[in-house]
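Enquirer: In case you want the letters, here they are:
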Amino acid sequence: MSSTTATAHGHATHAGHHELGFVQTYIFSRDHKMIARQFLFLGLFMMILGGLLALVVRWQLAWPETAVPGLGGILKETSGILEPSTYNMAFTMHATIMIFFVIMPILAGCFGNFCIPLMLGARDMAFPVLNMLSIWTTASAGVIMLVGFFVPGGHAAAGWTSYAPLSAVPSYTGTNWGQNIWCISLFIMGIGSMMGSINYVTTVINMRAPGMKLFRMPLVVWSLFITAILLLLAMPVLTSGVAMLLFDRTLGTSWFRPSGGGEPLLWQHLFWYFGHPEVYILILPAMGIASEILPVFARKPIFGYHAMAFSMIGIAFLSWIVYGHHMFVSGMNPALGMAFTVTTMIIAVPSAIKTFNWLGTLWGGSIRFTVPMLNALAFVSMFVIGGLSGIFMASTPVDIFIQDTYFIVAHIHYVVFGGSIFGAFAAIYYWFPKMFGRMTNPLLGHLHFWPTFVFFNLTFFPMHIIGVGGQMRRIYNPMQYEFLQHQQHWNVFITVSALCLGVAQIPFVINFFWSLFAGQKAPLNPWNANTLEWSAPSPPPHLNWGATLPTVYRGPYEYNAPESREDFLPQWQAPVRAGAPRH
Amino acid sequence: MSPTLLEAPPAGVRANGRTPPPARPTGGGDDHEGEPGPRRPVMANAQLATMFVIAAETMFFAGLIFSFLILRVGAAVWPPPLQPRLPLGMTAVNTLVLLASSAVMVRAVRALGAGDRAAVLARLGGAAGLGALFLTVQGFEWARLIRFGLTVSSGAYGATFYTLIGAHAAHVGFALTWLAVAWILAARGRVDARQPAALKACAMYWHFVVALWPVIWVSVYLV
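Chains as they are written, first to last, in the working numbering: chain A, 29 to 611; chain B, 174 to 396.
Quick caveat, the hints were computed from the structure, so don't treat them as lab data.
Treat the hints loosely; a few may be bogus.
Stated by the list, open to error - Label pairs and their in silico Cβ distance ranges:
id, chain 1, residue 1, chain 2, residue 2, range
1, B, Ser392, A, Thr576, 51 to 59 Å
2, A, Ile374, B, Val250, 35 to 43 Å
3, A, Trp348, B, Ser392, 21 to 29 Å
4, A, Leu48, B, Pro257, 35 to 43 Å
Treat the numbers as computed from the prediction; the structure is a model and nothing was measured.
Positions of the beta carbon are idealized from the N, C-alpha and C atoms, including for glycine.
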């Protein structure tokens, strides 16, 4: 509560009294920017782990039942060869880590915390202590998730979707404590995400600077606001589901076990009722990030600001009534399946509005191909491919054919890697100067972007082909089926590309840490952008601005406006008008 | 979006009359206007946040209640044979106890508005006492049911009963802790008629857990 009155204190003059110890500055910090950095480091660390798990999975698919290099020391009994149970664990944990501990912490956790107060002209979040609890709850959930690798029986192995009864009966997957830990970790993560999202929503509604009306908010803040509402309403459903699953496994309840009168299909309903909004939780912030970066580097206003905001609201609303499209083969009434097909296809409309508006923004602009811009363009183009393959699967007859094949694996990776991860890279390159006060190296940035873009497509596009060819998702060894053997060369190709994709991340790691300590000092507004965060010092001090908060006079995308001599007109710059009171 | 496309032409200008001045590229956002004034918050942060907590909790309980109803409707016989029936009379009285605590809470907030700290403390204590009484009676009912052989592992009947009622009891417990914090704040004068948000937020959450109970009671005990 005290933060609402923080504006009155004139903190700049008190800077000397704000010296905090190491622990309060770097570990139990209540500063939204430090919390954002903590989320970023959590996400990047987990991304390395999740990426390595993906490579382990790919190795097994290309060269089945051969020793995985580097795993000889870990899997001693099999001298590095993956057993089916270990393989199941690897793909389960790859997806779980990437979704819950990489994309959500980086996009919603890091950039939500960093952008919302800075871009709205607030000194901090509405509840700084709650914010600190949110990162530490999420980090604890991450640690608990990692502990699962070391318990007897291994980690959860029922897929990230953890369908019952496979997940509800320990003997089916052979994992006992692993699956329990999976449930406990996601339960705790749900609490952490709730703390974060009530903070975001309250901050957006109540803490905006003077003049920052709702329809003057940058689109990335709109996207994070909508994401927070989705998180707030979707995560509790998963939380209730994992609680039931945990009780089934540990207390002997019968929510999902038919032996006691339970219903296994119930899990799918609960999971996907959460799961489909979750997909938009993963993509909406990336959409906002692209909407932020494209106008800056095309030097043009965003095309259709209101349409962009309302289409995100439309997507968020529709995301609640489409979840059944994950369950077309679950024995659902065909009439209901038809309804879900229609609602799913309707989502293409707001998505297309956004895509055409991005293209309209680029049209006729003076485009600057900086590293953040390239990543944002990759987001737009890859999201189109991922979105279009989504429409294939929205159609029930097509879905029944490609259900649980590599086609869905290709689709989800085009959306969450091609979409969310390119969005995350774009955001990291774009806000790095403000976040850490130093510029990233553009050469290393290009060395990271181009191989990543090429090998991303070489890795995931062929999955459409082998998926239509019939290769099942989560299959241990495709060579055991005669009808899949003729396309094994694709599996080898994909794995080699995936290894190259992994190697392509090395320039990013070098760039990140080199720039962190030795990068060129960042000026106040290196990209000549309009939004409020660029009016604060780089990096912004605790409480962001000096004695006075910025005042907002216009929308966030006034590039090449006729009333300005520069090609940009920041939100905080007072209009020059005869007789107008000066700020 | 150009405002001239959407807005009616000003009075006295026909649609095919004078050419309107060219629209200024607004680059997102809306009309330009004079000096922006300070904003007034919609509602105190704490109350706003509590509203969203309640929204999230509603989804959590919706997950549990609908899952229960799906199992309940799908079962051939409910309650299953050889299982104890749930006690109706005692829990009906208990429901009234919990509803009464909400009424006392309303009067506590009213007393805060009137600046009567002693009444605030007494009524908060009353609400907490009624809540604690509710939990105690629930505990005795659970003990009785367990003695009759209804346990968490006796099929969907026991599982859904204990999960749902237990989840609600846990929330009442949490709300009681929150109430205790609000009581301490009120006793120390940190909450008063000028800064009522902390107590009002607590009251909102209390009303939520109270209002949740009749829904659960009707679906679990009555239907």
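Enquirer: Each hint: holds or not?
Expert: Taking the hints in turn, this is what the structure says about them:
no., hint, verdict
1, B/Ser392 x A/Thr576: 51 to 59 Å, "holds, 55 Å"
2, A/Ile374 x B/Val250: 35 to 43 Å, "holds, 42 Å"
3, A/Trp348 x B/Ser392: 21 to 29 Å, "holds, 22 Å"
4, A/Leu48 x B/Pro257: 35 to 43 Å, "violated, 59 Å"
Hint check: a violation occurs at hint 4 only; the rest are consistent with the structure.
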